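Hints in hand, dock the two standalone chains.
These protein sequence lines map, in sequence, to chains W and U. Sequential numbering of the first sequence, starting at 0, is according to numbering that gives the first Met the number 0. Sequential numbering of the second sequence, starting at 0, is according to numbering that gives the first Met the number 0.
If you're looking for bench data, these hints aren't it; they were derived computationally from the structure. Among these hints, one or two may not hold up.
Said to hold, decoys possible - Sample of chain U residues facing chain W (criterion: CB under 10 Å; computed from the structure):
#, residue
1, R123
2, G150
3, L151
4, D211
5, M212
6, L215
7, T345
8, F372
Quick caveat: nothing in here was measured; it's all calculated off a predicted structure. Every residue gets a Cβ at the ideal spot worked out from N, C-alpha and C, and that includes glycine.
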Amino acid sequence: MSELSITLLRFGFLILLWALVLSAIGVLRADLYGTRVTARGRGRDKRKPEPRANKVAAPSRSATGIRTGSISTGADAVGHLAVVTGALKGTTIPLGTAPILIGRSPTCTLVIDDDYCSAKHCRIFPEEGGWRIEDLGSTNGTFLDNQRVGDPMPFKRGDQVRLGATTLELRS
Amino acid sequence: MATVAVVTARAGRRAELALMGLTWVIVVLARALVDYNAAYLELVDLAIYGAVWAAMMVTAHFVLDKVAPHADPVLLPAVFALNGVGIAEIRRIDYAEGTSFGGQQMIWAVVGVTAMIVALLLLRDHRKLRRYTYTAGFVGLALYLLPLVPGLGITVNGARIWISVLGHSVQPGEFAKIALVIFFAGYLVTNRDTLALAGPKFLGMRFPRPRDMGPLLLVWAAAMLIMVYERDLGASLLFFGIFLGMLYIATQRLSWVLTGMGLFFIGGAFAALTIPHVRARFDAWLHALDPEVYSSGTSEQLVRGLFGMASGGLFGTGLGEGRPDLVPYAESDFIIASLGEELGLTGLMAILTLYLIIVQRAFRTSIGVRDGFGKLLAGGLGVAIALQVFIVVGGVTRVIPLTGLTAPFLAYGGSSLLANWLVIALLLRVSDLARRPSGEED
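Okay, chain U solo, but in the shape it has when bound (with noise of 0.2 Å):
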């Protein structure tokens, strides 16, 4: 007869100390040969820029120990380092321009480990999120929706998603996407069963009862307004796909994924045949290299990307060598062709695979965990990741159309970041309590 065990899970601490060490010589050597190819080497600057990482880092490691003390060991490290390859290629976009995003990403860098060293204190436990459940629905819907408020949201190239806030623009969508998470994983915990049920059998699959489809009909049909209404492509892919992956989490039905893809597919192609600003990014995506369509200028900035990767070959130019100055907005949404550009191929597959790892912490965080809401938490927040890092890649790559959201801890944008620190904060906290040795409360 079979036999379960049970293997605890090693804290991770010191491997997590060391790991972080690592990535500080990343961090460090990063912002090290951006200065010295841009001609401004100094040692003071560096050895400032080096403590405060040091710093960031050793407290981040030493509030885990105390508040998180099984918490997963490799995201912090996975992390901090997509941050700080980030911030030096920022730096180096800089220097090609003029300007000084990389300070205040820098800036935005030491806030977000701030939230997420408060966030770890005053969350104790994940599960007490579960109590916010149709509030953090409501907040995150609102948050999605702020954009379209008339003397609030700005309209910046045809999208409309910042808001104005003292003078700073601020995208809500990115904060959204955490209240999201948190709602649908309380919504579905509790009606999952009515959604498993099974409904009419069809090529091979149990598809859901029609008169359960309304949940999945209301989120399809927010995704929509956000799409036609603040014309971003992105959030609303986004914002589904969240629902579709959590929705899986919880029924494990295939078929309600391939219902909502192809909810979202029908609605997506109505949208390019209809909305200008929709069809013009499917045209750049499909025909790219057409002269016309280059030379109308709405594939330009993807073209231009191209090359640039193209140009970086296997090994890439160097951090600092290249030319990624030449795409428009390479500090933001493009930011991982600049990095294919100066670090090659071998370093965007490093980058892509950091994010695996982030990933793949996520969803091991969600098995591990013992309470229904902490996984679909988890699961939601891992899927959340992977589908930002496909659209963002998949877009700038040419796989899908281009759309506005941006890579996560790489591209310049405070929201973001911060946004993205804080489900870190979160995915610490349930790790924390999935690598718990059972019995072992606080």
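Isolated chain W (complex conformation) (with noise of 0.2 Å):
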């Protein structure tokens, strides 16, 4: 190979290593997600939110639709959890196909702020047609019908369940 060939070998490897820097960027440009916040919303929700609701996290609000106050009324929830009790009273979730995970941690879906409450609490899941709560090994115990939940135990519509100072129901 010529002297020319070489130089241009040598400068035209610069430039992929840049061409690679600069379409990895690209991909990242169009490549943004999240959750983008618009100023005008669509007047579906004019009612300022409780400030009790307020604590539960924003991210899993929007993934799982927690709305508070009132009964959900969405035809294609099969099923929803109701706080029956306690500081969160009247909020529900309806129930999609994502486990559901209650305690004090901002991270958990449900976010109950109570002293009796441990950071995870405990789970609600779908198994087979039917829901499972599962207790996350909390220090004073999720209580189903009177009798403590250790190990993944059936959660039928109308059972109640107790943590702290919170009732929760499934409801239809």
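Following this line, the structure appears as structure tokens:
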């Protein structure tokens, strides 16, 4: 090979390196994801949410569609979890296919601000067409109809679960 | 009223494959240039080399498509490019010195990619790792302290960071890094509320309460132990820096970072004054061009590296046309200087930008993932890569004292390469969950 082609290859290599860097950045530019906040809503939800409801983690709320203070009217929801007593009384969570984590940690789907609750208190998850509840090693326990939950137990419609000062009920 | 809309990520597997194609061209061209300039260009060898890389890339792509379909699309091409350019440069130094590190590093690359694939297949959900929080912490510390065990540890160039296993020297600190990130993530996600509690106000900042300082002091003490007994400034800085970075991500308190940096500075200054090995490093850093220091040999490597990079200039001498072999350890500790000489500032900047992209993807994953453990894990791994690159490049360019860490993916070293491929496996796993549209479970 001539001196010229070697020089061309030398610079060509640097150009290729930068081509890789720039096209990787290009891929990243076309790959914006996450949540986007738009200033004006569609006027669907004019009420200000209750201050308590703000304690529910925002990303989880958008993911599972927790609504506060009203019973879900969505026809597609096969069931929902309702808070019957406690600070979040009236909150409902439509149940989809995703498991629901309940506890004091802000990463939970349902965040309960209660000293008797553990950070990751219990989990409700779908299995074999129904729902099951399991305790995640909480300090003060989860009680399903006054029986302490350990390993996953079936959680049927109408059952009430107590954790700390909160009671949850599975409704259709 | 503001509304929050969810924008789902594209899987990006096709974009990844396209980038991987470009990476393949770079990797093979790098080796072709090196071989040609050493007057040893055999097309059969080159074709085998290209085929092995293509096989690694295509396998990684299809495995990702199956087990982590939403994983980040630019991580793999960036890492493959770094690894490939590193191997070409190591091979180039082999020609000058008659060693065979390049071939070994290629084997390690294959092992590393395989390990990444196996890790992705075995670990389907990173949250499982949280169960092993304290196990990981114990393993991490044990790995760091392993070189101190008599009969097992080997002292190379004054630093005792290698152990001998079946005739091979292994650097357990590289693996300890991963275990410790897992431990810190699990520990901090549970205990961050206590650590974030406000204490006395000083200089306009809220400082943590003295009684919450326990973990920080413990990690500081461990870092100091590593510095004093293994005489490894780099590993000590990396270890402590990862903890500080993750503590900052967990608590969002700058005061922790300042307190920790102050502590490390005091410890480092003390070590620089009392430990001869560390003092020599500081001397070589501060007075590198002093004729006395240079002729005593302590700063010779550093200064040769600087002159090498200077002779590379803006566009470099071209792969295989410089003299990077004049620098001792040009294939491992000083590969950044070797690449700076042969690819010039332009090439070195491209390489640093590739690192930047990897780190940025780690942080983006950390923001996107929905569980606290995953956030800290991805963020911590990002901090680890960023800090390691900073310590290595900073040391070679005389920004900070030179330490014995290796540039991730570039430098010669099996432990380092394998450990870093495992880091990428974890990042890919977390990013798969971060970018998966919500509600879609597997």
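*Of all the hints given earlier, name the ones this structure violates by number, lowest first.*
Hints 1, 2, 3, 4, 5 and 6 are the ones this structure does not satisfy, whereas the remaining hints hold.
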